[in-house]
Amino acid sequence: MQMAVPFVPLMFESDTLSGLVRKAREGDLASFEQIVRLHERAVLGLAQKILLNRAAASDAAQEVFLRLHKNLSRLDEERDLSAWLYRTTSNACVDILRRSRNDLSLDLVAEPIDAAENPEQTVAADQQKQLVLAALKKLSPAERQAIVLRDLEGFPTAEVARILAVSEGTVRSQISTGRAKIKDFVMAQLRRRA
Amino acid sequence: MKCPVTEEQLALYAGGDLSFDESSVVDQHLSGCARCNEILAAFHFTRQLLADAPVVPNDADLPDVRSGVLDRLRRRHRQTRCIQVAALAASLALVSVPFVHREHASPHPAPVPVASVRPPTVPVPEVHPSEPIRRAVIKPVRLRQREAKARPELRAIAFEPGSGDKAMLKLATADPNVVILIQMNGSAHEN
Numbered sequence: 001m002q003m004a005v006p007f008v009p010l011m012f013e014s015d016t017l018s019g020l021v022r023k024a025r026e027g028d029l030a031s032f033e034q035i036v037r038l039h040e041r042a043v044l045g046l047a048q049k050i051l052l053n054r055a056a057a058s059d060a061a062q063e064v065f066l067r068l069h070k071n072l073s074r075l076d077e078e079r080d081l082s083a084w085l086y087r088t089t090s091n092a093c094v095d096i097l098r099r100s101r102n103d104l105s106l107d108l109v110a111e112p113i114d115a116a117e118n119p120e121q122t123v124a125a126d127q128q129k130q131l132v133l134a135a136l137k138k139l140s141p142a143e144r145q146a147i148v149l150r151d152l153e154g155f156p157t158a159e160v161a162r163i164l165a166v167s168e169g170t171v172r173s174q175i176s177t178g179r180a181k182i183k184d185f186v187m188a189q190l191r192r193r194a
Numbered sequence: 001m002k003c004p005v006t007e008e009q010l011a012l013y014a015g016g017d018l019s020f021d022e023s024s025v026v027d028q029h030l031s032g033c034a035r036c037n038e039i040l041a042a043f044h045f046t047r048q049l050l051a052d053a054p055v056v057p058n059d060a061d062l063p064d065v066r067s068g069v070l071d072r073l074r075r076r077h078r079q080t081r082c083i084q085v086a087a088l089a090a091s092l093a094l095v096s097v098p099f100v101h102r103e104h105a106s107p108h109p110a111p112v113p114v115a116s117v118r119p120p121t122v123p124v125p126e127v128h129p130s131e132p133i134r135r136a137v138i139k140p141v142r143l144r145q146r147e148a149k150a151r152p153e154l155r156a157i158a159f160e161p162g163s164g165d166k167a168m169l170k171l172a173t174a175d176p177n178v179v180i181l182i183q184m185n186g187s188a189h190e191n
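Keeping their order, the protein sequence lines are chains A and B. Position one of the first sequence corresponds to residue 1 (the numbering used here), numbered consecutively onward. Position one of the second sequence corresponds to residue 1 (the numbering used here), numbered consecutively onward.
None of these hints come from the bench; they were simulated from the model. None of these values were measured; they are calculated from a predicted model. A portion of the hints provided could be inaccurate.
[Stated by the list, open to error] Label-pair distances were calculated between CB atoms; the ranges are:
(1) A:Thr16 - B:Leu92: 35 to 45 Å
(2) B:Asn177 - A:Asp103: 54 to 64 Å
(3) B:Leu30 - A:Gln189: 18 to 28 Å
(4) A:Gly154 - B:Pro4: 29 to 39 Å
(5) B:Thr6 - A:Arg99: 42 to 52 Å
Each residue gets a CB set at the ideal place from its N, CA and C atoms; glycine is no exception.
Model the full structure from these sequences, guided by the hints.
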């Protein structure tokens, strides 16, 4: 199945970004604020998908940008920035998941379906969506970050491996285990309800 | 009979994550295995659910994230400047402490037992008014080096961050009666 999300994670004019990065390195907070504005949606969105918890996702996003500010001088090329941000966000989320022993409350919900046409079918579909998010919560932190990057963000396996700084074999193992766990959980719940 | 294709392979096949050769093997097996087709259908179903169930992006939290980051960076920036000022003040104090201590110590010389005082046996040389008076010259650099080697004056430096931008630099000398306090206000240096 091909994902609708194209593999262009962060679009920006490189001249603008390199200028902002240069000024931010010199201590210009206004330029750093512009960098934050350019990437905050991607960072917070990824954190929300991995953590499924609003407060924890906000904490993770803040941590990522503070780490970015600290490491600006080490990021040589701006094209590394998006991969660096995805990797740091994933790692920050995994740290939070491990600290909380993978027990954060699920307070982010799937987009509701328009109930105008068939209300009964809509309720069932919404329940299934919530079910799949609950299944996502059952995964280990490493499996969850691999599944979110591959199946929700739409990155190819090789790119997921690059972002997470692990081998492609490790990513394949994590996504196959993750998909199997989600399938088993969802099918078991649906059988029980039926 | 046990299937040659594992569930892990089917999970990867469902997401298009197998190589061409691996996929060919699975394709061939699927053409004659109802059980694996059933498992594959379940994988497709749950993957579709996952793709159709995007988490509602909560943009309401974006301003909080941004302001949280920038507030912390501004605070850190002020603290850094405060510490720089403190370091400057400390180095200035290090230069001045030996002089302060000497001035403080000179009015209170150590008591000398009266019984041990003897009249001088060496005659005091006469001073002729025609000879120029030699003045003692204190060289601060030499004095500082000597004091730094013996470390008799400055015993401790304490930097105490206070509320807001205020901070206190405390320099304790060898003399318990002499403590130098330098109060700093970071906000006064703000642009």
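- Item | Satisfaction of the hinted span 18 to 28 Å by the C-beta atoms belonging to Leu30 (chain B) and Gln189 (chain A) | Given about 26 Å between the Cβ atoms, the range holds.
- Take the C-beta atom of Asn177 (chain B) and the C-beta atom of Asp103 (chain A), compute their distance, and say whether it sits inside 54 to 64 Å. 59 Å, holds
- So the hint says 42 to 52 Å: do the beta-carbon atoms of Thr6 (chain B) and Arg99 (chain A) match that? 34 Å, violated
- Measuring from beta carbon to beta carbon, are Gly154 (chain A) and Pro4 (chain B) in 29 to 39 Å? Since Gly154 (chain A) and Pro4 (chain B) have Cβ atoms about 31 Å apart, the given range 29 to 39 Å holds.
- Query: For the pair Thr16 (chain A) and Leu92 (chain B), does the Cβ-Cβ distance stay inside 35 to 45 Å?
  - Reply: At 44 Å between Cβs, range holds.
Of the numbered hints given earlier, the model fails hint 5 alone.
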